[in-house]
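Use the sequences and the hints to build the structure in full.
2 protein chains.
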Amino acid sequence: MIKVVILGGGNVAIQLAKAFKNAKKVKLIQQYYRSKPDAFFLENNIATTQNITELRNADLYIIAISDDAIIEFSKKIIIQNKLVVHTSGSVSMQDLKCSANKGVFYPLQTISKQKKIKFKNIPICIEAEKDTDYKLLEKVAKSISKKVYAINSEQRKSLHVAAVFVNNFVNHLYKIGNDICEDKNVDFEILKPLIEETAKKIKSLKPKNVQTGPAKRNDQKTITKHLKLLTNKQQKMYTLLTDSILDTEEKD
Amino acid sequence: MIKVVILGGGNVAIQLAKAFKNAKKVKLIQQYYRSKPDAFFLENNIATTQNITELRNADLYIIAISDDAIIEFSKKIIIQNKLVVHTSGSVSMQDLKCSANKGVFYPLQTISKQKKIKFKNIPICIEAEKDTDYKLLEKVAKSISKKVYAINSEQRKSLHVAAVFVNNFVNHLYKIGNDICEDKNVDFEILKPLIEETAKKIKSLKPKNVQTGPAKRNDQKTITKHLKLLTNKQQKMYTLLTDSILDTEEKD
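Protein sequences appear in the order of chains A and B.
The letter at position 228 of the first sequence is residue 215 when you use my numbering, and the numbering goes up by one with no holes.
The letter at position 73 of the second sequence is residue 60 when you use my numbering, and the numbering goes up by one with no holes.
Treat the hints as calculated values from the structure; they're not laboratory data.
Not one of these hints is a red herring.
Dumping the calculated DMTMM-like pairs for lysine to aspartate or glutamate here, alpha-carbon to alpha-carbon at most 20 Å:
no., chain 1, residue 1, chain 2, residue 2
1, A, K190, B, E176
2, B, K171, A, E141
3, A, K188, B, E169
4, A, K193, B, E184
5, B, K212, A, D54
So this is what it looks like as structure tokens:
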């Protein structure tokens, strides 16, 4: 059994803890918490501590706290010769400022505390300084997910910013679509099958090859009509995205 | 049986023809084509004509041609006292310049010729001048789809521009995400579960309520890090979308 300690009590910490509970090769032995221990650990009789000097002897220590706090927090960890990882997409492995062995265990998904997550299909991007540590991380990752990728710190940063485009920014475009519908008393439901189909398409096809719409066709008549229907801010967004699509098409 | 003539041979025309073939209450009796009749009509022994004065006697005439061509084409139709509709999201009902009764039959989905479409879950937005015509359109729409909506011309135009945001622009953001991954030799596959989850979430929740990411948290440190990883054009897009999210959050 691989013994794991989780440091933190946020969404990722709790969801990982729940996933490890059902994993065969992993045993979660302790949670380190700042303000109060999470109910999940208490209910499952997993040790908890608020004292960083009282961490138990484990094979792997997973820091699952907010990105901003990782560097400072890692300085307080006095573990030696064991593997310490963080779970962040935007922080380098070398930003871990402890003298333990370093690594990263980054599950790439929007994770909320409430909604139960099936880790099976969530990609886990792993990295470690040492080969043996990488193999340990791989075992742990594979115990909860089918999708495990070797990703170095530079690649992970790019993945993180790409994720902002395909998740955060995409959601904001959904929000603008919703605003436009609400303005005209149109049920946003009508757009949902289209949203689903748009996401489905790129499962098997490259986004570039399935681009459609007035910008793709350089249909200036429709573009002008559309702009008239939008608020100033929406117009700015529409224009930038349209120009960017036109630009892509011209290059080919 | 409701007798239908389809005018046009593009993606929407062919997909509608295929759907009507399996519909119980609808009989497709003729296709009008410009350059050559589509194989589907020949294989199914459906009459075809290239002569606009030889349209057969039907209950419904569906113009499924490109948006730009609808106004001019509709002037050539000499039908009286029958219902003529177009299938466009961006053209008004009143842009039909024939003396027949007017209506709109707008399936809201990205439709390509090759990929077989299941109309059952595609929203069809209908509009007609006359009540009896509306009822006829409703029957035809319900014969192929479970999702039929009464949408007037003004609402339809807004739907069409909203669709550009949630479909065409979203796909372009996928494309940018893909570019970023390719630049760093990262497999775009890793992002696909996130893309799927992002689209799934808004099935039951409002996009505004599930917004996440550095812009939502006003996490300037991460935003600055991200900008450094991007090309000039990507930076412009990142900044505009980030500002727009910040703006949304401030308002609340």
